[in-house]
Amino acid sequence: MSDHEREPFMPTRRQFLKYGAGSALGIGLAASGIPLFKGFSNQISAAPLSIPNLTPGAGIPANPEDRTLVVLQLSGGNDGLNTVIPYKDSTYQQLRPTIGQKLSDVLPITDNLALHPGLKSLADLFGKGNLAIVEGVEYPHPNFSHFRGTEIWMTADDQNVGSLGWIGHALDHLSNHPSLVAASLGVTTPRALVGMQPTDIALGGSLKDFVYRPVGKIDPGAVSAIYDYMNSITSSDSKYAKLITASHSIAQDAMAGVAKVAAGYTPAVTYPKTQLGAGLQTVAQMIHGGVGARVLYLATGGFDTHSNERETHDRLMGYLGEGLGAFWQDITAHGHGDSVALMTFSEFGRRPTENASRGTDHGSAAPLFVMGGSVKGGVYGDTPSLTDLDNGNLKVQQDFRQVYAAMLQNWLGFDPTDVLPGGPYQALPLFNS
Amino acid sequence: MGDRERVQLLLWRAGMGATPAQVDAATAKGYAAAVEDILNYADAPANAPDLPPWPAQPKKQLSGEEKTQLTKEINQANQQGITTAAAWWANQMRTTDAPLQENLALFWHNHFATANDKVRRPAYMLAQNQLFRAQGAGKFVDLLIAVSKGPAMLYWLDGQTNVKGHPNENWAREVMELFTLGIGNYTEQDVREGARASTGWTVSYDGQVKFDPKRFDDGSKTILGQTGNFNLDDFSRMLAGKPQTAKYVGSKLFRWFVGDDPTDADLAPMLDAWNQTEGEIRSVLRALFLSDAFTVERATSAHIKNPASWTIGAIRGLEVDITGDQIVQMLQVQDMRLFYPPNVGGWPNGPAWISPSNQVLRFNLAGGMVMKSGALSGTADNAWVGELADRLGGIPISDDVRGKLTALGNNPNGRRAIAQIILAGPGFQAR
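Sequence order for the protein chains is F and H. With the numbering used here as the guide, the letters of the first sequence map in order to residues 1 to 433. With the numbering used here as the guide, the letters of the second sequence map in order to residues 1001 to 1431.
Just chain H, same shape as in the assembly (with noise of 0.2 Å):
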């Protein structure tokens, strides 16, 4: 039994939900297997859309009409665009059988947090978000260095206009204080010279990324007490060296799949797999949910699900019928817009997603999904609410609330009614 329930938290952690079928499955494997089977995904992008053309560069000088003309196809393209590419992610987190590599994809989204907003280019998101799935669970200093020279990042933090002479701080200063060391480990001096040691990329109209040694500053920096010549991806192996990443990151890694803050104790096993392969996600995330800190009593007191949580997590346990399209909206109505975290530091985490409106809203949008279930037809006995309760990832009902809920199921939408209530109540968004 205890064999089963954990892997039920791992399935519904490292996973993004699953039914009791596939909790069953896993657990006649056991615990260390289910953990190797859900770690053990291709590191490779998944089969994405063509998102539809940009318009061409003008070749000319625009009439004004025609540059009109211009910036109404480019709106559609990027609305389209976007549209397209977050309707696919949705969707692969909804029917994936590789759930992890989707939930990291969401993880590195959150923290490199990138919004199309102001990058404007799908494809460059798309782009992105493909790197998280083929690179996201390898070594840190490799996506660091991936993403600081992709696309997405070098509009979204400025990179392309930093230039030799007239640095731009943008990426220097957030790479430190949210991408690796965290505030406080890295000073004024330490965001200018880095800035420095970032210049000399652009990127062309149609996404090629190049080195421009004209625009590189190739004079001496000195950066967290370090002196060199250094470039954009010497800054990125410093930083990824540090004993601060590893510790910055890692701590993200726990509250994203555990909760709330870990102590130095929970941090050991993970930060030692991340010093003996130099930062290879994949082990430290092996030797986090092999951890004494992995267990359901811990995990289920110290967390909060997020919009993309909650609603993943009720789709894939009550096998609601939905498309990307609504996934996406869903997500959206939540403040947690796929391509579209608020700002640079990601979406906010855990107890900042439980407010009465948030609650209220989670109630309604409960309210629609279950009414898209086939799972949920008909009306309810207790022995049913307790099946409700293992497909929505174990969770506890006491015989009292098992019995108030019991009493409203006895009627032609009995099921759904109990589950709407269920899905917007204490016990599965801790779950």
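One chain only, chain F, in its complex shape (with noise of 0.2 Å):
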């Protein structure tokens, strides 16, 4: 590793430690080119809505630091063509006869495009504005695996093995962090929140188990003392022996905001018995016991449906449809609706045609969504055509990065540049000014 490239620097309270191998964040393909923009707000039909906004907005915070976004990773290459639905087109029948969506099932929502039948709280937040589909979304040169791919969406760089994730290197950005300024889900950290100074708190299950529980009659206060003795002193020992006592430190941090957090809430819904359900709600949560996270993540799987793609794809729309509409009735009963923006996000679409498993293989562009009060609701993007295929997957109709760039930039607000290496990239009005 030469001095020149870039190291990842992990958190103490008192310092901060070198640590890993970073590597230098080179020059990338030049932007893809100038987004498609289309509104679609004079074409929407008006659905009835089942989602009241039960506390008026205040409108989108003026000062990005009161804004949240939550970032929904869907694991394993989301079929797109079977959640945001052309379905008046012939072809997509054709390409997936046993797959295939019923036309009379799906929930129309433009006069070409319909979501799947599991999504209706999505029908119904796209009805109001305040749902954005991006069309055809994904990196230049899609390569198909699940691992490089899911890096490139992490690190925003799909030439070089960066060590730095996109919002991890963004909030780097602010000269001084919360102890909870972004936080994920689960018992490892997101590539995502990865960066050169502390961002992430994953948070595991539970809030409240987020404490130290010793044995006998030990004081919690000594177990602190003894990790933070034992990072004063580990400058001899390994890189991972330093960021396991730098853990305890942001732990020991985070641990009454954390309990603060999850002592003040009740839910005003009643969420999905899912884990995607259970995450949600700890996000809900954590949103409203304003600890001052700018980010929260969490992830979701089960979405590479090689086989019987139907029975498991209903399945997992249904949890997704009913996880999001129980979390935005949540964060909107708390009054919260304006100042939070929840994006999804897989590394692949999937292959059009479907295999002759009922399912379908590794395939490239798909849709994303983007929810929020202050989200500019509508379709951004041309939908990949059905039949001008690239050796049999869909094309890319959008850079990822162009949706990243209008997260950074437009709702988080941070400067983008050095973020987002080849770019720039043209951010797309995905939110209300």
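Rather than coming from a laboratory, the hints here were simulated on the basis of the structure. The model shown is predicted, which means the values in this text are computed figures rather than measured ones. Heads up, the beta-carbon is just placed ideally off N, CA and C, and yes, glycines get one too. Worth double-checking, as some hints may not be accurate.
[To be verified] Over 12 Å on every C-beta distance to chain F, these chain H residues come out as not near it, computed from the model:
#1 ALA1025
#2 GLU1036
#3 LEU1039
#4 TRP1054
#5 LYS1059
#6 GLN1092
#7 THR1095
#8 ASP1233
#9 ASP1234
#10 GLY1241
#11 LYS1242
#12 SER1251
#13 TRP1256
#14 ASP1325
[To be verified] Computed cross-link-like contacts, DMTMM-like style, restricted to lysine to aspartate or glutamate with a CA-CA straight-line distance of at most 25 Å:
#15 F/LYS239 - H/ASP1264
#16 F/LYS239 - H/ASP1261
#17 F/LYS239 - H/GLU1297
#18 H/LYS1247 - F/GLU151
#19 F/LYS217 - H/GLU1319
#20 H/LYS1072 - F/ASP314
#21 F/LYS239 - H/ASP1390
#22 H/LYS1029 - H/GLU1005
#23 H/LYS1252 - F/GLU151
#24 F/LYS217 - H/GLU1387
#25 H/LYS1059 - F/GLU311
#26 F/LYS395 - H/GLU1188
#27 F/LYS239 - H/ASP1335
#28 F/LYS217 - H/ASP1381
#29 H/LYS1404 - F/ASP228
Dock the two chains into a complex; use the hints.
Below, the structure is given as structure tokens:
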């Protein structure tokens, strides 16, 4: 590793420690093109709305520090074509004789597009103008690998194996990190949140478990003191030893805040009893707790539907629709609708033609969702053609970094230039101004 | 002294943890003999329990009610079966006299990562797991071929629905990206042609794997620059024989047993052994354990225990009295549920396991373990903290830290309190 390469720092309260091997953020491809933007505000059908806006929104918070981005990763490669469906295109049924959704079941949202039947809550949000659908998103030259694809989405770098995540890197712009500036659910920290400075608190499952429980009659404060002490004298040990003591340090800092959050929240709705539902409830809890988290991150899996896709994908879309519906109702009921935006992504979409196993193989471009009270609803970009394919795959319409640029620049208030290699990327106008 | 330290490393890395008495006994024979002792286990499956019977295949059209009943029975057999298999395996790891065999079973489970949430047949998962015991130290090509034709893998990567004329690419892509060559060493064309070569295999309801020539695409395929009427075994042999595979699998073994990415010099002895033995894993590991890279200094600066090695190590080192079921539950809350890797890439490794929540979790789980260790009752003094460090793999504790810890030890739960802190501290987790 050369001296010129950047190294992510790992945190302690008192010092920044060098950790790991960073790689230079190299020069990437030029932006793939100007985004094709279409508004659909005057084509929205007047569907009955099932999600009431319980608390009138206060409008988009003027200060980006008062806004929260929630990132929901759909791992495994979500089948975009069965999520946002070009239902009037006869090619769709031809390519998918067994796994295609029936015309009579889907939820039409525009003249050409319909949502999966499980996404009722999102169709309603679209009707209210609070859901943006970005069509045909992917990185340039899709490589069809779960792992490399995920890495590219996490690091925003399709040319080099970057070590910094796009969110962690952006949060490095803050001169001062509150202890809960970003949090993820799960035991391991997602790559997207890795920065040069401390960012993530991976919160595991339940907030109330985020506390030391020493055996015997040891005071938890004594425990903290020990790890603090180890932290101060591990300079000669391995980089991982430092990372471990630093993690204890961050945990101690965050414990009080987390405990407060866990205590002061009652959900306004009953969340579905799914892992995703529980995760979204914890996210809502964190937002309501006002701990100052700018980004909250969670992931849900099972989308790698190579065989018998319909059953699995229908179930997953149901989880997604019910989970996001409950989340949004809860968030708006607590008055946070305008200050929260949620985006989904998946490492790739799937092949438009179904395979012999009634599933789909790894593909390329796919739609993603952005929802929120401050989101300018509509469909962004052209729906990829089902007949003009690239070696059997949908053609990429928009570089994923145009979405990231919007999140960083227009929502979180960060300059995306050094975070998004190969730019500048024109931010999609996803938010009300 | 140097020998004991390296033997201890061997018993903690190749094995899954050892008591000081076991380390002393192995040291008495010398390092080279200890390497042979740990390598030379019998290549055979272990005695596994019978799993609950799987509901019979219906012989007629079922009514709605009967279908619901069958689904219920299947769910129950699946749940009980996988719980039984996982608890048995966890207990094997805790008690085995052939720890490398169980460690390799875990390594290969992580390498050929197959998950029961899709397979949904505990018997298939257990059969694959036994394959890792019987063939995990043998030639890689034989293991690859056996795994590729096991019912678990045929379900997991859709081999059983990959038929002539309608290939399913799942196996062909992942075998090249994740099991053999590594990304960048094949083309999309190779994926499509490899899928054609892999057609023809079926799994019956009772788990019999058969080749059906009618489903096999017997045309010519071009894979990795070679053209011929290749089948699944040809494809596997082709992949196993590539130098990229030796490097890819060798690097993964290095990361598992030492840590971090190997340099070319680190890999050289392993690759020599691979080339001389057509990829016999036992020889490759012998080369690794006898190489200059396998030292305490190197291995402990580059490694973080995954949830299994952390939990099993603590249990073996502290002689924790715990059931297989309890171990499985501990692994599950740490996101490493046996037989359920998160995806075909296996679990994350190294620093990915270090996060604030993971550290708090390890601390709290350590609290449960130390309460179940008979070796830890009573008060602690300075000398005892040193013994504890040896029990946990010979971890370094500076005099300063030892003093701080000893100050907590003067109460009836003193030893337990100190052990809990050490288990969630840097020394043990990097050991």
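Hint by hint, here is what the structure shows:
The Cβ of H/ALA1025 sits about 29 Å from the closest Cβ of chain F, beyond the 12 Å cut-off, so the non-interface label holds. Residue placement check: H/GLU1036 keeps its beta carbon more than 12 Å from all beta carbons of chain F (closest about 29 Å). With a cut of 12 Å on Cβ distances, H/LEU1039 stays outside the contact zone with chain F, its closest approach being about 27 Å. For H/TRP1054, the non-interface assignment is confirmed: its Cβ lies about 19 Å from the closest Cβ of chain F, beyond the 12 Å cut-off.
No Cβ of chain F approaches the Cβ of H/LYS1059 within 12 Å, the least distance being about 23 Å, so the stated non-interface status holds. With a closest Cβ-Cβ approach of about 24 Å to chain F, H/GLN1092 is found to remain outside the 12 Å limit, as its non-interface label requires. The claim that H/THR1095 is not at the interface with chain F holds, since no C-beta of that chain comes within 12 Å of its own (minimum 25 Å). Interface exclusion of H/ASP1233 from chain F stands, the closest Cβ pair being 22 Å apart, more than 12 Å.
Distance to chain F confirms H/ASP1234 as a non-interface residue, since its nearest Cβ pair spans about 22 Å, more than 12 Å. With a closest Cβ-Cβ approach of about 23 Å to chain F, H/GLY1241 is found to remain outside the 12 Å limit, as its non-interface label requires. The beta carbon of H/LYS1242 is kept farther than 12 Å from every beta carbon of chain F, the shortest such distance being approximately 18 Å. With a least beta-carbon separation of about 15 Å from chain F, H/SER1251 lies farther than 12 Å from that chain, consistent with its non-interface assignment.
Interface exclusion of H/TRP1256 from chain F stands, the closest Cβ pair being 15 Å apart, more than 12 Å. Interface exclusion of H/ASP1325 from chain F stands, the closest Cβ pair being 20 Å apart, more than 12 Å. About 22 Å separates the Cα atoms of F/LYS239 and H/ASP1264, which keeps this hinted pair within 25 Å; it holds. Of the supplied pair hints, the one linking F/LYS239 and H/ASP1261 holds, its CA atoms being roughly 14 Å apart against a limit of 25 Å.
A threshold of 25 Å between alpha carbons decides the hint, and for F/LYS239 with H/GLU1297 the separation of about 13 Å falls inside it, so the pair holds. Proximity of H/LYS1247 to F/GLU151 is assessed by CA-CA distance (about 22 Å); at most 25 Å being required, the pair is judged to hold. For a cut-off of 25 Å, the pair hint linking F/LYS217 to H/GLU1319 stands: about 23 Å separates their Cα positions. Between H/LYS1072 and F/ASP314 the CA atoms are separated by roughly 20 Å; this keeps the pair inside 25 Å, and the hint holds.
Pair hint F/LYS239 plus H/ASP1390 holds up; C-alpha atoms about 22 Å apart against a cutoff of 25 Å. Straight-line distance between C-alpha atoms of H/LYS1029 and H/GLU1005 comes to about 14 Å, which keeps the hinted pair within the 25 Å bound. Straight-line distance between C-alpha atoms of H/LYS1252 and F/GLU151 comes to about 19 Å, which keeps the hinted pair within the 25 Å bound. This hinted pair checks out: F/LYS217 and H/GLU1387 have alpha carbons roughly 23 Å apart, not beyond 25 Å.
With a CA separation close to 24 Å, the supplied pair H/LYS1059 and F/GLU311 stays within the 25 Å bound. A threshold of 25 Å between alpha carbons decides the hint, and for F/LYS395 with H/GLU1188 the separation of about 16 Å falls inside it, so the pair holds. Restraint check: the Cα-Cα separation between F/LYS239 and H/ASP1335 comes to about 23 Å, which is no more than 25 Å; the hinted pair holds. At most 25 Å may separate the alpha-carbon atoms for a hinted pair to count; F/LYS217 and H/ASP1381 meet this at roughly 17 Å.
This hinted pair checks out: H/LYS1404 and F/ASP228 have alpha carbons roughly 11 Å apart, not beyond 25 Å.
The structure agrees with every numbered hint stated previously.
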